[in-house]
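*Asks:* Chains A and B, in that order, are what the protein sequence lines are.
With my numbering applied, the first sequence covers 29 to 464.
With my numbering applied, the second sequence covers 29 to 464.
Derived from the structure by calculation, the hints contain no laboratory data.
Keep in mind that a hint or two might mislead.
Note that the list lumps identical chains together, so a pair holds whenever it fits in one copy or between two copies.
Taking lysine-lysine and the DSSO-like style, the derived pairs with C-alpha atoms no more than 30 Å apart in a straight line are [claimed, not checked]:
no.	residue 1	residue 2
1	K147	K302
2	K336	K96
3	K96	K121
4	K412	K309
5	K412	K121
6	K121	K147
2 protein chains.
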Amino acid sequence: MRRKGLASMAAQTAVPTSTVDLGPASGLSCRECGEVFPLGPIFACELCFGPLEVAYDLPTGDPEALRKQIEAGPANIWRYAPLLPVPADVAEKPNLNPGWTKLIQADNLAAAIGVEPGKLFVKDDSGNPTHSFKDRVVAQALEAARAFGFTTLSCSSTGNLAGAVGAAAARAGFRSCVFIPHDLEQGKVVMAGVYGGDLVAIEGNYDDVNRFCSELIGDPLGEGWGFVNVNLRPYYGEGSKTLAYEICEQLGWVIPDQLVIPIASGSQLTKIDKGLQELIKLGLVEDKPYKIFGAQAEGCSPVSAAFKAGHDVVRPQKPNTIAKSLAIGNPADGPYVLDIARRTGGAVEDVDDEQVVDAIKLLAQTEGVFAETAGGVTVGVTKKLVEAGLIDPSLTTVVLNTGDGLKTLDAVAETSQATATIRPSLDAFRDAGLAL
Amino acid sequence: MRRKGLASMAAQTAVPTSTVDLGPASGLSCRECGEVFPLGPIFACELCFGPLEVAYDLPTGDPEALRKQIEAGPANIWRYAPLLPVPADVAEKPNLNPGWTKLIQADNLAAAIGVEPGKLFVKDDSGNPTHSFKDRVVAQALEAARAFGFTTLSCSSTGNLAGAVGAAAARAGFRSCVFIPHDLEQGKVVMAGVYGGDLVAIEGNYDDVNRFCSELIGDPLGEGWGFVNVNLRPYYGEGSKTLAYEICEQLGWVIPDQLVIPIASGSQLTKIDKGLQELIKLGLVEDKPYKIFGAQAEGCSPVSAAFKAGHDVVRPQKPNTIAKSLAIGNPADGPYVLDIARRTGGAVEDVDDEQVVDAIKLLAQTEGVFAETAGGVTVGVTKKLVEAGLIDPSLTTVVLNTGDGLKTLDAVAETSQATATIRPSLDAFRDAGLAL
Numbered sequence: 029m030r031r032k033g034l035a036s037m038a039a040q041t042a043v044p045t046s047t048v049d050l051g052p053a054s055g056l057s058c059r060e061c062g063e064v065f066p067l068g069p070i071f072a073c074e075l076c077f078g079p080l081e082v083a084y085d086l087p088t089g090d091p092e093a094l095r096k097q098i099e100a101g102p103a104n105i106w107r108y109a110p111l112l113p114v115p116a117d118v119a120e121k122p123n124l125n126p127g128w129t130k131l132i133q134a135d136n137l138a139a140a141i142g143v144e145p146g147k148l149f150v151k152d153d154s155g156n157p158t159h160s161f162k163d164r165v166v167a168q169a170l171e172a173a174r175a176f177g178f179t180t181l182s183c184s185s186t187g188n189l190a191g192a193v194g195a196a197a198a199r200a201g202f203r204s205c206v207f208i209p210h211d212l213e214q215g216k217v218v219m220a221g222v223y224g225g226d227l228v229a230i231e232g233n234y235d236d237v238n239r240f241c242s243e244l245i246g247d248p249l250g251e252g253w254g255f256v257n258v259n260l261r262p263y264y265g266e267g268s269k270t271l272a273y274e275i276c277e278q279l280g281w282v283i284p285d286q287l288v289i290p291i292a293s294g295s296q297l298t299k300i301d302k303g304l305q306e307l308i309k310l311g312l313v314e315d316k317p318y319k320i321f322g323a324q325a326e327g328c329s330p331v332s333a334a335f336k337a338g339h340d341v342v343r344p345q346k347p348n349t350i351a352k353s354l355a356i357g358n359p360a361d362g363p364y365v366l367d368i369a370r371r372t373g374g375a376v377e378d379v380d381d382e383q384v385v386d387a388i389k390l391l392a393q394t395e396g397v398f399a400e401t402a403g404g405v406t407v408g409v410t411k412k413l414v415e416a417g418l419i420d421p422s423l424t425t426v427v428l429n430t431g432d433g434l435k436t437l438d439a440v441a442e443t444s445q446a447t448a449t450i451r452p453s454l455d456a457f458r459d460a461g462l463a464l
Numbered sequence: 029m030r031r032k033g034l035a036s037m038a039a040q041t042a043v044p045t046s047t048v049d050l051g052p053a054s055g056l057s058c059r060e061c062g063e064v065f066p067l068g069p070i071f072a073c074e075l076c077f078g079p080l081e082v083a084y085d086l087p088t089g090d091p092e093a094l095r096k097q098i099e100a101g102p103a104n105i106w107r108y109a110p111l112l113p114v115p116a117d118v119a120e121k122p123n124l125n126p127g128w129t130k131l132i133q134a135d136n137l138a139a140a141i142g143v144e145p146g147k148l149f150v151k152d153d154s155g156n157p158t159h160s161f162k163d164r165v166v167a168q169a170l171e172a173a174r175a176f177g178f179t180t181l182s183c184s185s186t187g188n189l190a191g192a193v194g195a196a197a198a199r200a201g202f203r204s205c206v207f208i209p210h211d212l213e214q215g216k217v218v219m220a221g222v223y224g225g226d227l228v229a230i231e232g233n234y235d236d237v238n239r240f241c242s243e244l245i246g247d248p249l250g251e252g253w254g255f256v257n258v259n260l261r262p263y264y265g266e267g268s269k270t271l272a273y274e275i276c277e278q279l280g281w282v283i284p285d286q287l288v289i290p291i292a293s294g295s296q297l298t299k300i301d302k303g304l305q306e307l308i309k310l311g312l313v314e315d316k317p318y319k320i321f322g323a324q325a326e327g328c329s330p331v332s333a334a335f336k337a338g339h340d341v342v343r344p345q346k347p348n349t350i351a352k353s354l355a356i357g358n359p360a361d362g363p364y365v366l367d368i369a370r371r372t373g374g375a376v377e378d379v380d381d382e383q384v385v386d387a388i389k390l391l392a393q394t395e396g397v398f399a400e401t402a403g404g405v406t407v408g409v410t411k412k413l414v415e416a417g418l419i420d421p422s423l424t425t426v427v428l429n430t431g432d433g434l435k436t437l438d439a440v441a442e443t444s445q446a447t448a449t450i451r452p453s454l455d456a457f458r459d460a461g462l463a464l
């Protein structure tokens with residue numbers, strides 16, 4: 029059945045795979061058994077059901093020339109087009125041009141959590157077009173959708189992804205049809221609905237939405253549809269590599285000693301590691317040890333729990349945390365994350381919801397960066413790991429903020445109120461007794 | 029009294045004006061009578077009470093060398109440091125580094141409103157650190173505050189500015205104390221409060237807040253305080269010039285034929301005109317005619333009303349519009365806006381709230397850009413002016429979006445809902461009858 033499903037999916041593409049131009053992408057390879065497949069809208073190995081990822085014919089020339097080419101490129105992810113599954117002229121096609129977000133030297137935050145000055149950086153992906161890192165991955169999926177002749181862009185989502193897909197589809201001239209749980213917060217529905225594609229609320233939870241999408245992919249109803257996080261997932265995932273590329277380039281083509289990355293499905297963390305390895309192979313950065321730390325919210329910490337217990341497998345959890353963009357109880361890439369954290373000498377840690385809120389406010393109050401709850405998780409975990417001596421405060425650390433506080437206002441609403449309410453008079457202001 | 033007030037304000041600065049280093053800024057000059065004053069925290073002419081603006085000793089060398097210097101600068105407003113009232117080393121100081129936001133070629137929107145392909149651009153300032161153009165102006169005020177030895181950054185605000193000041197102050201190590209009306213929407217209070225400075229709610233409307241701030245500036249309680257939009261206003265306003273610089277550079281050092289700019293106080297529009305004139309004087313762009321169009325919401329359209337009536341003065345209105353960031357009923361720079369619109373052959377136009385909502389959605393659905401209500405105003409006015417034949421569809425037009433839709437979700441909430449709610453089954457999806 030599964031093989032039939034995969035075959036019928038591949039048949040949905042109107043474009044023969046031999047004519048697919050996705051730049052340096054040469055095929056899809058199974059992360060488990062290594063089997064190679066031609067480029068197409070498939071996501072699982074026909075032999076072992078392992079996840080597929082993009083294989084490349086990467087540039088082999090002079091690293092210095094490649095570095096110069098990249099540096100002369102546009103101020104977005106397409107500066108790395110030679111390393112991504114996209115055609116060479118991608119920058120000329122209509123898309124949201126995400127990426128090249130700020131890497132902020134966070135000396136105030138460093139002082140607050142005990143890191144040495146000049147050593148702590150925040151990679152702030154709230155600066156992307158729809159204000160989350162999802163714009164990076166959707167942009168890759170969009171190019172794959174174009175290459176495969178799809179006309180509708182789709183996804184299952186609980187928030188950030190819905191907006192990213194709706195916006196990218198609008199700009200690129202695709203139809204979009206996005207599936208969400210019916211009880212999503214009003215604000216998130218509006219953020220997803222404003223881009224004008226179809227927004228279908230499913231009576232059920234996120235798992236029900238996902239199951240429904242998988243059914244739809246195998247059905248004629250779904251013909252011509254690219255589900256960014258299902259049948260386009262191998263391409264989609266590659267977008268996270270650009271975080272690794274940008275961080276290293278922004279540090280002057282140097283790999284940071286330590287990275288703190290949030291874990292939802294775990295895909296982002298594994299792809300950042302893949303991106304770092306590619307930079308080393310290409311000679312764009314010097315090979316050196318680096319430690320990767322994964323960050324979860326205590327209320328959804330299956331990978332952290334497995335790491336601490338010394339397990340290789342991840343036991344699913346029922347999520348219960350304010351960090352909803354990380355609330356995946358059964359993370360597909362969990363085992364790979366465990367492997368990377370252990371291999372690099374990193375760790376996986378979690379913080380509770382109160383620590384998440386405190387960390388959001390700490391980042392806002394030290395660096396003026398208002399992060400969504402996922403950013404509270406990474407900053408909170410960084411603080412915890414410094415205190416525990418697992419992060420070396422004398423080495424360079426990069427912490428990811430993958431989204432925007434405006435999307436998770438509720439998390440900080442209770443504790444971010446007016447410090448005083450007064451009549452409009454100097455006497456009243458004096459009497460308010462603010463510590464001026 | 030007024031002169032005493034100004035004198036006492038100037039006395040508040042701890043730094044002798046002779047040692048103030050604000051780069052090419054040479055002094056303050058009165059826009060009405062031309063009188064010149066030394067750099068300091070003053071904002072009105074001692075002779076005629078006219079508004080003061082920054083005067084410069086601008087670079088006089090080879091324009092090509094200056095262009096190269098700018099192009100080699102950072103990807104933020106500090107690439108234009110030689111043209112701004114900031115010290116030469118400004119990029120090394122802790123601030124939010126706003127600017128260098130996307131100029132989006134909006135071919136889909138162009139097709140929708142009857143502009144020729146390749147001729148319509150959206151300057152999208154939602155990409156700034158706190159997601160509005162206010163980061164540009166606050167960054168200038170912050171440098172002035174540093175130069176004058178102030179330790180507290182303050183403002184009166186109804187939303188965007190409060191967040192921009194709070195964030196900038198946090199990053200730069202200033203105290204902040206921001207004043208808001210007590211009945212501000214909860215979301216905006218949170219956005220302003222999260223940065224941790226004092227947030228004082230005033231029992232009264234925005235005018236009451238402003239009056240209170242003016243009182244505070246003249247009182248010892250306000251000593252050491254830089255009010256970005258009051259006693260630092262001349263510096264603050266210069267930040268809007270960077271919109272003109274960026275637009276021209278992003279178009280290949282060419283002035284667009286037509287610009288559509290929102291009007292609140294009118295300061296932004298007048299400073300963009302000032303910026304274009306400076307670029308011409310410096311030889312960075314060729315001198316050519318351009319038309320500036322001002323955009324207001326019908327519910328607060330004092331400048332539009334004056335333009336249409338052929339008046340030189342602006343009769344104040346009581347604002348009643350969803351475009352709250354533009355809702356200034358008595359715009360200080362109204363007469364200057366009228367002058368610029370008439371001198372350049374432009375116009376001032378307004379759209380009603382329904383047209384604002386339609387335009388927000390049109391922009392989102394054609395280009396994937398989710399604008400705040402002020403962006404709905406400019407896009408709506410652009411559409412209206414094209415239809416009226418006042419904007420030439422064959423010439424280059426740049427439309428400003430100055431803020432982020434996430435901050436004004438209410439405006440589109442009612443009309444951006446799920447298109448269908450279904451059970452998780454293919455039959456239910458089929459029965460929903462979406463036009464697939």
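*Asks:* Next, verify each hint and record whether it holds.
*Replies:* Going down the list of hints, with the structure as the test:
Taking identical chains as interchangeable, the C-alpha atoms of K147 and K302 lie at most 30 Å apart only when both belong to the same chain, with a minimum of 23 Å there against 41 Å between chains. For a Cα distance limit of 30 Å, the shortest separation of K336 from K96 qualifies neither inside one copy, at 43 Å, nor across copies, at 54 Å. For the homomeric pair K96 and K121, the shortest alpha-carbon distances inside one copy (23 Å) and between copies (28 Å) are both at most 30 Å. For a Cα distance limit of 30 Å, the shortest separation of K412 from K309 qualifies neither inside one copy, at 33 Å, nor across copies, at 55 Å.
Taking CA atoms no more than 30 Å apart as the test, K412 paired with K121 passes between copies only; the shortest distance there is 29 Å, against 43 Å inside one copy. For a Cα distance limit of 30 Å, the shortest separation of K121 from K147 across copies, 16 Å, qualifies, whereas the shortest one inside one copy, 38 Å, does not.
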